[in-house]
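Trainee: Sequence order for the protein chains is A and B. Each residue of the first sequence is one higher than the one before, starting from 160 at the first, in the numbering used here. Each residue of the second sequence is one higher than the one before, starting from 465 at the first, in the numbering used here.
Mixed in with the good hints, there may be bad ones.
Claimed, not checked - As a list, the in silico DSSO-like pairs of lysine-lysine whose alpha-carbon atoms are at most 30 angstroms apart:
#1 A:K495 x B:K893
#2 B:K553 x B:K743
#3 B:K522 x B:K553
#4 B:K676 x B:K622
#5 B:K888 x B:K959
#6 B:K553 x B:K888
#7 A:K595 x A:K583
#8 B:K668 x B:K893
#9 B:K468 x B:K743
#10 B:K553 x B:K970
#11 B:K959 x B:K970
#12 A:K485 x B:K893
#13 B:K668 x A:K485
#14 A:K495 x B:K522
#15 A:K495 x B:K888
Rather than coming from a laboratory, the hints here were simulated on the basis of the structure.
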Amino acid sequence: MKVRRALAVSGVLAAVALLAAIVVSFFGDRFAGARDLAEPELAPEVIARGAYLARLGDCAACHSVPGIPAFSGGLRMNTPIGAIYTTNITPDPEHGIGRFTLADFDRALRFGVARGHTLYPAMPYTSYYSTRPEDVAALFVYFRYGVEPSAVPNHRNDVPFPLSMRWPLTFWRWVNAPAPRPFVSPAGLSADEARGAYFVEGLGHCGECHTPRTFTMALAARTAADGAGFLSGARVDNYFAPSLRRDGPGTLEDWSVEEIARFLLTGANARGIAFASMGDVITHSTQHMTAADARAAAIYLHTLAGSDTAGRRRFVYDETEHAALKRGDASKRGAKVYLDNCAACHRPDGLGYARVFPRLAGNDVVEASDPQSVIAIILQGSRTPRTASAPAQFSMPAFAWRLSDQEIADVASFVRTSWGNRAKVTTVESVSRARKIDQ
Amino acid sequence: MAEKLKAVDAVIIGYGWTGAIMAKTLTDAGLSVVALERGPVRDTSPDFEFPRIADELKYGIRGDLWQPLARETVTIRHRIDEVAVPYRKYGSFVLGNGVGGAGVHWNGQLWRASPEDLQLRSHIEQRYGRKRIPADMTIQDYPVTYAELEPHFDHFEKVCGVSGVAGNLRGTIQSGGNPFEGPRSDGFPTPALPPIRAAELFAKAAAELGYKAFPLPAANSSVAYTNPYGVRMGPCNMCGFCERFGCFLYSKASPQTTILPVLAARPNLEVRANSYVTKILRDNTGKIATGVLYVDESGREMEQPASIVILSAFQMHNVRLLLLSGIGTPYDPISGTGLVGKNYAYQMCSVVAAYFNEEEQINPFIGAGAAGQRAIDEFNSDHFDHSDLDFIGGSVIYAGGTGGRPIDQMLLPPGTPNWGTGWKNAIRKHYRHSAPVVTQGSVMSYRDRYLSLDPTYTDAHGLPLLRMTFDWHENEYQMAAYSAARAEEIVRAMKPEAQATLLTRKGSPYDTRFYQSTHTTGGAIMGSSPANSVINRYSQSWEVSNLFIYGASAFPQNIGYNPTGLLAALAYFSAARLRDTYLRSPGPLVAV
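All chains should be modelled from the sequences, with the hints used to inform the complete structure.
Mentor: Structural data, given as structure tokens:
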């Protein structure tokens, strides 16, 4: 009897709590952000500024798909709970955001709330939260007046009930997302560094891929002030987005400001070439940065150094493997696979050719703590981004069809431990796992 | 009834080298352009990826990148009174197909013409007298000079990232380069690649004989290089898979590695692959082209109206399409009247093989179509005195060795068994220790050597095939024998254990079964007036002023060099005039 009663009471309590949570989330979403913001000025330079900021924010990466009008949405994103689709953000009044006020727009961009519910955090409002009001207004004006309306209907998400309920996202947001506030220059940063920080931490949303996440899927760090986890490298899809810090081999330790800026503008420099989704970032977003903004971003990244500058290991080229290959000695594990498959482009000395075939010696992706990108690139191949200033597009073929897991582990280990590279050996299990995800 | 498509400013027929050059020129000028290519879309990735591209059987023998002869070929006969038969199996020359055309699978030997090559008739008459040219030899001057083409030779070399050593810089002879080349305004954009072993031996022997060997100009970038269009190229590693293959290293210049990347995202350019043009259409006057008819990839007949028609297919296809379209008067070898099809010419080559002992490590698998080779130019063009010789013209002579492919490129001494233990032993003994020295010589044009429509055979669409009437003449037998004798002397000085000469000697007719050269020329030749040519100096049709024709079909006779440098320079020369003058006021660019 007691048990039944207790069950009934807890059931009612649970229902009440659930209802309360839903109500709380409803009002929480309802009252997020400012109610009314003054309609911004409609001037050509504001639209142009908005168009530029939309590129910096890489809105097109998710909201534009080839074959339909720009910003019509429809990109399928697979998540652990099912597939979600990006939405139409053209000014179409019915399918797009044509009826949004500036306050609605601001709420979506920085608070992650639109149409009365919290957005999936695939929308990087967790980074956009610090966008300055005048920039939010410029973006709003651009998406209202600078983009062609398109009546492409939004795609229903393929998330099954009850996971499709949105109210838990409100709580996720409260726990994990930062409180929106306009960017304030951190103490101690120069004007250029602050300008870079505004892009890197904010619209550029670099941390969404390059910063590791906690068990609740929140970013472990949102700004440099949050600690050494910020931009310290993270798994994304089947790749490892490398550390953007200066913290020894496997990071941007040796990249100069000029080299970082060149990478952002062209997708390549003498140290490496963009791969995987970074290629899209370069093509859609960073190649359009002004030289001053790219340089500012680079200057800011340069401030993200590990603490012990003197004690950090630095990459030093080591001739051993090159000399061995030159005299026909391929006895090191993986050397023969390397000679047969890789050396034609990356050369026996591992130095490649600048901005054509990346060097492997002293390459931060090759030396990264996590070998995942090396494995994925060997399995699937890679294609460099095509940009206006670097129109040639180079491809590395896929080797999944040609090399066994053991051979890939061997050659990945070879490149990670040769010519002065001192990363850990790659296991055959990690290759097998990557191949399964791949298929 | 053909479906009529939306009119565009220009339609390009054939999307190889000159098609790409013109697509860039016209889209730069803001014109809307459609490029029609009979073959498929091709690009370095995935079509030329390593290691799949290094497949001699698929590409080198079966010709996966070539035009499928079962659908369209040419018919060939030696003389006017014979019935021509179709060229059913690749031998003598190969035909490109697909985006990039033959520019995908060429060797990359990128020469300029010699100044006197362009004014050949006047030059020969002036130096040796009017009687020197036989009555049936129909050679003529180009209506354009080396000096006029020089900036365009230079530009194309930069587009291609050509590796080499300048021999004549603004009139000053440079050591290490070709002293016989015309003056160049600038050096090569990338340094020469190191010589292959055979080239080292060749250069040493040539020096002993008093000749000046130099790196063969190679459209293989030797370093990571960015061309004037901002397109980056990779360096050649001399893998030995140029000729007949696409380059996986982004090193050999092709439209794909040099020009097409900047055209990829142009909204005013549409490339339609697998589109087979059957006719150039004209208005009632016959003086203005109105567009083209083509069969699209699903077999439908389409009409593409356009204000400018660019005919930039391969030399033979240019001539055939003019004949199929009824543009110009077909050449008649009996009366000597008509011009379309006139002055077909070819090249005449020989090979001297050197067989060394097993101490000499030739390692022929290290090679490239052009890179790493060394050449001499003493016996080409009119670089030597022909007064006491019974021919005109000549050959470039170079240490060959484009690769060491196992089916086609294993040099064995004459008399070696074709199979079994004897063959295996010979391969073991000679493969790594033999090298070819090649002569590639000019062929003059003649009254009875020409192109016409075949009365018997048709293509897959039921249209008449092109018919080639060609055989060697006395001048060429003499030229080739003289060139081969010089090559033999050089090979002797290379001190091999044995040597053997492969030469078409007097009395042997043109044999289409063996590869000789894909440098076929003429048929829509360039000249000073509508009475002697199909196109004017700007590659514009005399008869149809909005039709421009590019490629080696323009050559009034052939040269001893590879044709790509000259045909590209002619295209850029025309492109500049088209852009600066024609687009502002369309009409004939040369008054008649």
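Trainee: Among the hints numbered above, which are violated by the structure, and what are their numbers in rising order?
Mentor: none
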